[in-house]
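Asker: Sequence:
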Amino acid sequence: MKTIYTPEFIRAIPKSDLHVHLDGSLRLATLIELARARKVDLPSFTEAGLLETVFKERYADLGEYLRGFALTCAVMRDSESIERIACELAEDNIAEGVRYIEVRFAPQLHVHDELEMPAVLQAVADGLRCGAAAHNQSPAVREGSDIPFEFGIIACAMRAISPGMSPYFRRLFQLFPGAPRKELCAMASLEMARQAVAIRDQHGVPIVGFDLAGEEAGYPAAYHTAAYQFAHRHFMRTTVHAGEAYGPESIFQAITDCHANRIGHGTFLFAADCIQDNAITDKKAYVEALTDYIASQRICLEVCVTSNIQTTPAFRSIADHPVRRMIGHDLSVSICTDNRLVSRTSVSQELERITSAFPVSRTQFRNMITAGFKGAFFAGGYSRKRHYVRRMLECYEACVREHLDGDLPV
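Per this note's numbering, the very first residue in the sequence shown carries number 1; after that it's consecutive.
Keep in mind that the hints are not guaranteed to be accurate.
[Stated by the list, open to error] Calculated pairs, BS3-like style, for lysine-lysine (alpha carbon to alpha carbon, straight line, at most 30 Å):
no. : residue 1 : residue 2
1   : LYS182    : LYS283
2   : LYS56     : LYS39
3   : LYS385    : LYS374
[To be verified] Computed Cβ-Cβ distance ranges for the label pairs, DEER-style:
no. : residue 1 : residue 2 : range
4   : ASP41     : GLN297    : 41 to 51 Å
5   : ALA179    : LYS284    : 33 to 43 Å
6   : ALA289    : GLU33     : 43 to 53 Å
7   : ALA29     : LEU404    : 34 to 44 Å
8   : LYS283    : LYS39     : 45 to 55 Å
Derived by calculation from the structure, the hints in this document are not laboratory data.
Positions of the beta carbon are idealized from the N, C-alpha and C atoms, including for glycine.
Construct the entire structure; sequences and hints are all you get.
Answerer: Following this line, the structure appears as structure tokens:
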């Protein structure tokens with residue numbers, strides 16, 4: 001389909017990425033260099049080889065998609081490497097016009113005897129700050145024709161854990177031998193929430209949110225209620241990976257049990273046939289009520305189209321993805337990458353794919369862009385956030401005038 005949202009326009013406008021995993025967004029060259037230096041065995045030590053064997057255009061399922069993270073996490077074992085990866089992530093986003101990101105990752109995967117939790121999170125913040133420095137000191141930002149690059153960090157807990165995932169989790173299993181796995185998962189997530197709040201408050205690291213990632217089926221968010229209650233009581237905003245590989249009930253649970261301010265993915269929001277609770281007799285009405293609630297409360301959906309298509313066999317193309325229905329229902333939809341390396345994408349590419357797949361009106365497109373900034377957890381306080389959003393909108397409208405000459409349909 002022909003679109004008037006040209007690549008030049010999409011790259012020029014200020015964009016956001018609310019859902020981008022640090023350990024899924026390395027530069028390939030950096031992964032190879034760090035692996036060589038740290039003697040990490042890769043399936044290939046060429047970019048072409050890794051794209052063929054690990055970081056593919058299409059995956060068999062979510063399990064295959066997640067295998068690459070074992071390699072990326074293996075090179076993220078010291079502060080210097082983590083800081084470099086975060087710095088490069090900021091630079092890559094700035095280069096394509098992204099001006100706000102919330103970087104998420106699971107710090108417990110990187111903690112070991114020589115690298116404690118505060119150092120892990122501080123390294124990410126330092127790297128992002130370093131990557132943003134040149135842009136934020138540029139004449140365009142000082143003169144007001146561009147906006148600064150801002151960022152926050154989202155600390156992820158894991159729905160499911162195992163001893164082999166990291167030294168941190170191995171130690172937990174050793175301390176509580178024989179404990180049910182769901183209890184260990186809940187203990188780990190509560191400790192992550194406590195650490196996130198403490199490091200935010202005591203070390204000044206811009207941790208803006210708390211998340212729950214990993215396999216949904218068999219590991220409901222309800223196991224992690226204590227962690228989310230702790231985050232909620234300490235004014236830590238929350239998001240939950242929900243509806244990525246499970247149905248509407250998972251999204252409902254994220255909102256009700258976990259106080260979710262945003263939903264990561266929400267892919268199966270409309271999938272009434274995925275509802276398993278026998279007490280829900282009118283599944284269609286349940287989905288309609290849930291959708292209306294999400295819309296009316298402006299609960300932002302962090303939508304990652306390419307990632308979903310790669311990991312969901314039923315999705316052969318964007319035509320099969322619910323993003324068009326989400327936009328049509330006036331939901332707050334923020335377009336995100338999920339993982340720039342693992343999904344081989346960028347925010348600009350995601351927007352180009354969507355606008356090339358189906359008609360998107362001027363209002364709908366503007367709303368998608370704005371949703372990411374308005375839905376941001378933002379470390380600088382509400383007044384500063386409002387000012388930042390206003391500046392973003394001024395820059396956006398200037399790009400419309402320059403690149404589209406008012407030809408966009410309303």
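Asker: Determine for every hint whether it applies to the structure shown.
Answerer: Here's how the hints hold up against the structure:
| no. | hint | verdict |
| --- | --- | --- |
| 1 | LYS182 to LYS283 | holds, 29 Å |
| 2 | LYS56 to LYS39 | holds, 23 Å |
| 3 | LYS385 to LYS374 | holds, 8 Å |
| 4 | ASP41 to GLN297: 41 to 51 Å | holds, 47 Å |
| 5 | ALA179 to LYS284: 33 to 43 Å | holds, 41 Å |
| 6 | ALA289 to GLU33: 43 to 53 Å | holds, 51 Å |
| 7 | ALA29 to LEU404: 34 to 44 Å | holds, 35 Å |
| 8 | LYS283 to LYS39: 45 to 55 Å | holds, 53 Å |
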